[in-house]
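*Asks:* Sequence:
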Amino acid sequence: MPFKNYKHYLLRLGFIFLLCFMTGEPHLNGHEYRPFRMETLPEPLLPAGYVPPALDNPSIVTYMSAADIIRHINIHYESFYKKADNEVPNDPLKRLHQFMLTYDRISQLRYRRNVLSLPCQKPLHELIDYIMKSRWYSEYLILVSTNPIYDYSESTALRIIISAHTASHFFQIPFPTLFCLIFQESKFDFKIKSHTGALGLGQITRIAIKQINLLRKNEPLEDRRLNATANHIKSIYSDPVIDEILRSMGFYPMFPLLGSFPDQIKKYNPYSWKVVNQVSNELKQKGFSYGKNRNLVKRLIKRALKGEILRGKYAAVHPALLKITDVNYGKKFGTVLNIETNIIISAMLLKHYMNYKWIINKKKLYLNPSLSAIMAIAAYNQGPTVVREYLRYLVNRYPRSKIERATSRDRWMFLSKGGIKKAMKKKSIRVNELFEHIRKITLCSEGECH
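Residue numbering for the sequence shown follows our numbering, beginning at 1 and increasing consecutively.
Simulated from the structure, these hints should not be mistaken for laboratory data.
Just so you know, even glycine gets a beta-carbon here, dropped at the ideal spot from N, CA and C.
Do not take every clue at face value.
Just the calculated beta-carbon pair ranges, DEER-fashion [as the list claims (entries may be wrong)]: (1) 306 / 273: 29 to 35 Å; (2) 361 / 86: 36 to 42 Å; (3) 327 / 306: 19 to 25 Å; (4) 306 / 399: 40 to 46 Å; (5) 262 / 75: 41 to 47 Å; (6) 75 / 397: 49 to 55 Å; (7) 64 / 425: 52 to 58 Å; (8) 259 / 219: 36 to 42 Å; (9) 355 / 295: 31 to 37 Å; (10) 430 / 67: 49 to 55 Å; (11) 430 / 264: 46 to 52 Å; (12) 78 / 361: 20 to 26 Å; (13) 323 / 396: 19 to 25 Å.
Computed list of lysine to aspartate or glutamate pairs in EDC-like fashion (alpha-carbon distance at most 16 Å, straight line) [to be verified]: (14) 122 / 326; (15) 266 / 326; (16) 357 / 219; (17) 217 / 263.
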């Protein structure tokens, strides 16, 4: 072959190779694809049809009308309607039951956004059944939703469900884990305060706030997730299609104008005299003379913030405290008593511990996602030091390979009071607290494995 023809042949061959490589280039069309990154051994996690969050465009919507979505969710809810009609005692809880069972479907149809669950975790209807069988449901929720003196807020319930679903989606954490964590921590009471000073739905502490602010500073991707979650929640609250769907169920939602998410998260002391005075004034305006006794009102507030149900004439403290807390602290992003803020940072903290690098004896320990979720629950409650010591105890007791292959089905083999006691330096009260905390959350979130 003449050199000139050979040169043309090489040029053509090179051009063909270039076309082949260009054909293989990904085309993102402006949407960022970020697959779920968890440094663990392989275990099925993403459900069929799951769409990872596009952080740069969190408000994308489909063109389905409210009427079409309502028709779809009515078909979806049809198999649960008889159960709700027979077992749910009043109209507000029937509406809530329908919304909880259908919101994931609504979110998929309207925004193409659904949530993750791990193998062996309960499906949504079983999570709701678990809540309905709890003492809290029978002794508290039925009471406050039936007796008008408690002024039960349906909008508060909607905000909790929407925020938990959205946070679970954007932080790509299992919804059953986050849902059951919030239930165990606070029983869905956004104003509650523990004896240690932890506040709100996820029982956020001062140490947790410092950790969150540090994560936002050092991990830009997680801060983007936080802001994407906040922006999408605001989009849902202002979406006329969502409003029409909710009204078709019988809701009359009153969602706050949340503003932008601040750079720093603030903590608030619900025992301050300012709040006591405001609650006292609210009670006096409602005609309750004991509102004049500020010391009594302070004691009643303290009992209510611990989750106690006040009865009789003192029941009026609940709606008064709810109103004052929400008006002062719940309408804007940035305080831990704001529903949306508390759930977002709870999800961010849980995600941090699910992806935590557990270095045991100078070597990284790889956990399956289901066992990683259990250890994340423990770290969320007591901090990573305790979990690290407990994992060191397990590594010294079992082969590392056995621990790394373990799933939630094996949790009782590894979850022992004795091991936790050694990790926590024999502090029996905290051992029992942590053991019960993990046990109750796993009972809530875990189903049958087949």
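*Asks:* Now look at each hint and say whether the structure bears it out.
*Replies:* Each hint, compared with the structure:
1. 306 / 273: 29 to 35 Å: 19 Å, violated
2. 361 / 86: 36 to 42 Å: 56 Å, violated
3. 327 / 306: 19 to 25 Å: 22 Å, holds
4. 306 / 399: 40 to 46 Å: Check passed, 44 Å falls within 40 to 46 Å.
5. 262 / 75: 41 to 47 Å: 42 Å, holds
6. 75 / 397: 49 to 55 Å: Check passed, 51 Å falls within 49 to 55 Å.
7. 64 / 425: 52 to 58 Å: 56 Å, holds
8. 259 / 219: 36 to 42 Å: 23 Å, violated
9. 355 / 295: 31 to 37 Å: Given range 31 to 37 Å: violated, Cβ gap about 47 Å.
10. 430 / 67: 49 to 55 Å: 54 Å, holds
11. 430 / 264: 46 to 52 Å: Violated, since residue 430 and residue 264 (Cβ atoms, about 30 Å apart) do not stay within the stated range.
12. 78 / 361: 20 to 26 Å: 55 Å, violated
13. 323 / 396: 19 to 25 Å: 54 Å, violated
14. 122 / 326: 32 Å, violated
15. 266 / 326: OK: residue 266 and residue 326 at ~15 Å, within 16 Å.
16. 357 / 219: 15 Å, holds
17. 217 / 263: 9 Å, holds
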